[in-house]
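Enquirer: Given chain A, work out where chain B should sit, using these hints.
Note that the protein sequences, when read in sequence, are chains A and B.
If you read the first sequence in the working numbering, its first letter stands for residue 1, the second for the next number, and so on.
If you read the second sequence in the working numbering, its first letter stands for residue 457, the second for the next number, and so on.
These are calculated hints, taken from the structure and not from any lab test.
Keep in mind it's a predicted model, so treat the numbers as computed, not measured.
Positions of the beta carbon are idealized from the N, C-alpha and C atoms, including for glycine.
Here are a few chain A residues that face chain B, going by a calculated C-beta distance under 7 Å:
(1) I73
(2) Q77
(3) T394
(4) E395
(5) A398
(6) T401
(7) M402
(8) Q405
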Amino acid sequence: MSSLLGTMSIAMGALEAQQAGLETTTNNIANLNTPGYTRERPVLQEADPIINGGIAYGEGVKLQGIESLRDSILELQISNETQQQGQSQAYVNAMSQAQTLFPDDTSGIGQQISNFFQSLNSLSTDPSNLALRQSVLSAANSMASAFNGAANQLSAVRSSLDQNVEQTAGEVNQITQEIANLNTKLAKLNSTAQGYGSFLDQRDNLVQKLSGLIDVSVINDGTSITLTTKQGATLVADGQSFALSTALDPASGVQHVYSQGADITGKISGGELGGLLQARDQTLPAMQTQLDSLASGLVQALNAAHAQGFDLNGNAGGNLFSPVSGAGAAASMAVAISDPTLLAASSDGTTGSNGNLANLSAVANQAVSNGMTPTEAYGNLVFQAGSAVSDGTTELNASNTMLQQLQQQQASVSGVSLDEEASNLLLYQRAYQAAAQAITTVDQMLQTAIQMGAGK
Amino acid sequence: MSTKIESPSNPVPHEFQELVVLETLKALLTVAIRSLSRGEPANLAEVSRRINATADEVMSTSLNLGRLPLTPETQQRRRKLLAELRQQSSFCRAMLRRWRRSILLRQQLLDLAIEPVTYTEPLDPRWCCHE
Chain A
1 MSSLLGTMSI
11 AMGALEAQQA
21 GLETTTNNIA
31 NLNTPGYTRE
41 RPVLQEADPI
51 INGGIAYGEG
61 VKLQGIESLR
71 DSILELQISN
81 ETQQQGQSQA
91 YVNAMSQAQT
101 LFPDDTSGIG
111 QQISNFFQSL
121 NSLSTDPSNL
131 ALRQSVLSAA
141 NSMASAFNGA
151 ANQLSAVRSS
161 LDQNVEQTAG
171 EVNQITQEIA
181 NLNTKLAKLN
191 STAQGYGSFL
201 DQRDNLVQKL
211 SGLIDVSVIN
221 DGTSITLTTK
231 QGATLVADGQ
241 SFALSTALDP
251 ASGVQHVYSQ
261 GADITGKISG
271 GELGGLLQAR
281 DQTLPAMQTQ
291 LDSLASGLVQ
301 ALNAAHAQGF
311 DLNGNAGGNL
321 FSPVSGAGAA
331 ASMAVAISDP
341 TLLAASSDGT
351 TGSNGNLANL
361 SAVANQAVSN
371 GMTPTEAYGN
381 LVFQAGSAVS
391 DGTTELNASN
401 TMLQQLQQQQ
411 ASVSGVSLDE
421 EASNLLLYQR
431 AYQAAAQAIT
441 TVDQMLQTAI
451 QMGAGK
Chain B
457 MSTKIESPSN
467 PVPHEFQELV
477 VLETLKALLT
487 VAIRSLSRGE
497 PANLAEVSRR
507 INATADEVMS
517 TSLNLGRLPL
527 TPETQQRRRK
537 LLAELRQQSS
547 FCRAMLRRWR
557 RSILLRQQLL
567 DLAIEPVTYT
577 EPLDPRWCCH
587 E
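In isolation and in its complexed conformation, chain B is listed as follows:
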């Protein structure tokens, strides 16, 4: 699956810059949720990398716009987006936690099954390293 989420090419008014980046983050998280829900890990690494990059962008945009007054509509949209992002990221974290747990459990049980018998003393050279 490809993730076609492009950054806007046209210049965006300052007060909307943060919203645009937040929308991009939301779209990326939607892609991640789709992959996690369908059990398709193939493109998760790439999406995850882009989510991290976009999250950094959100941080820098927020810092730059820190003192810029926002209209009530923009503030409301921002709050709504942040709430949605919180839910999306919580779901992603919950799913990843489950995947990790699942993989670890299988790994542990498989390791347990094939764990070699350990010798308390080194093997006699006659019994090992035969071609």
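Same shape as in the complex, but just chain A:
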């Protein structure tokens, strides 16, 4: 049989365990509205019994640790969806800027192309009229300016995304450094230590934040976590973080992202960085190429038609636009003549002839870019920009909705329920009272024993 002091010790252990329960419950209640807080509970375990004379005496309770209630699969799903959300958000933001450059209304390139062909029609009624000839040149200049403006602004959007890439890589480095520091702190702590759960919460929040910036894979070994990109570039290993760096790539003229000396630009597929790179390196260059193709195709077709005619002085038509081709065609598109008399409207050299205006007007219905007429090619650009924004927005909305659903599920596992905590509070209070009563009883028994001894 155990001694009275042994019984006292069991009751003291019970007090300690129930107090830990009370503390944990109070901490949960205190963090009811704290974002990212994961509720905790004490893990109590029966103490090893003492075997005396073949009889096992229970030795009370011991506090095994404080456990955070987490669903690691849900956390993984939230991390994946956050990456998708970050990517869609960055992509939609970038493409929304590009979309404004290709309006489908009375402004922009489409309207200027239409105005130019309209001016040719007007001139055909009086081909020697200098005012009408000047109108054609003005319309040609406006069309060229519209191409120049769109191309330059598209480049500006790309440059701005390039700066964002550099900035986002910096944010990634800051977060990975903080995660590595937390890994170090957690490695030094016992899981029963006060504040262990708080450090885990802080680290989880940082991982979620990081997921919004770059695609992340998390390898959790219980205490420490290792973070890599989906393609395997290490970001954090235990207490060490591996910073990303950016450097100008001479071939493409944009910032590339490096991890430990290796270029990982093409391998980043998620998060804000993924969205920025998708827009900067894929969608926008494709649009730029199409715009250049339309500009060069239009210039070539109009110059060819212009060369077939004769100007007001009876000379053969020269170039209407300065010849352009390939990359940069839209940005450098310019009208080659400023004298309205040099406009080759005549097909036979006579001043009254408007025959070549028909040739010039026919370009409106010719395939000038990828088998499309100028209007169709521009319409295709408008559609592409619109689709990119629309599809990106749909993905973003779906990600937001999905994240909401996952966070609700997470709250049901890791969130604090006041009802449950209130009932736990009562439970621990009663258990504490009972343990205290046991101590009082043992104390009285000890006093009785002492008095018995004194009376002898």
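Expert: Frame of chain A; chain B shown alone:
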């Protein structure tokens, strides 16, 4: 949740037939979006079945009306509806893709956790099949 989207009982003029079916499809997709957004999969199978049936109806109506001239107003309404339907169906597809991915991930991780140890040789009969 019940989906009360009834087909019209009154005869509809030919040129509006397609629009009516498109409106029905839009209403069905709205129900599907509501279920997907609230995370309530219970009636999705039924709604999905009705969406497929209505989509077939849209196809056959469009083929029948192929040569029927439409007024500019009808054309405009049709274009608007088609654009809305495109957005709705894209959202549904995006959500379903996420649900599927989510279920597969959980399944894979759970399978990984309970994957039994495989023996390279058959078990000794003495160690298996005990009652």
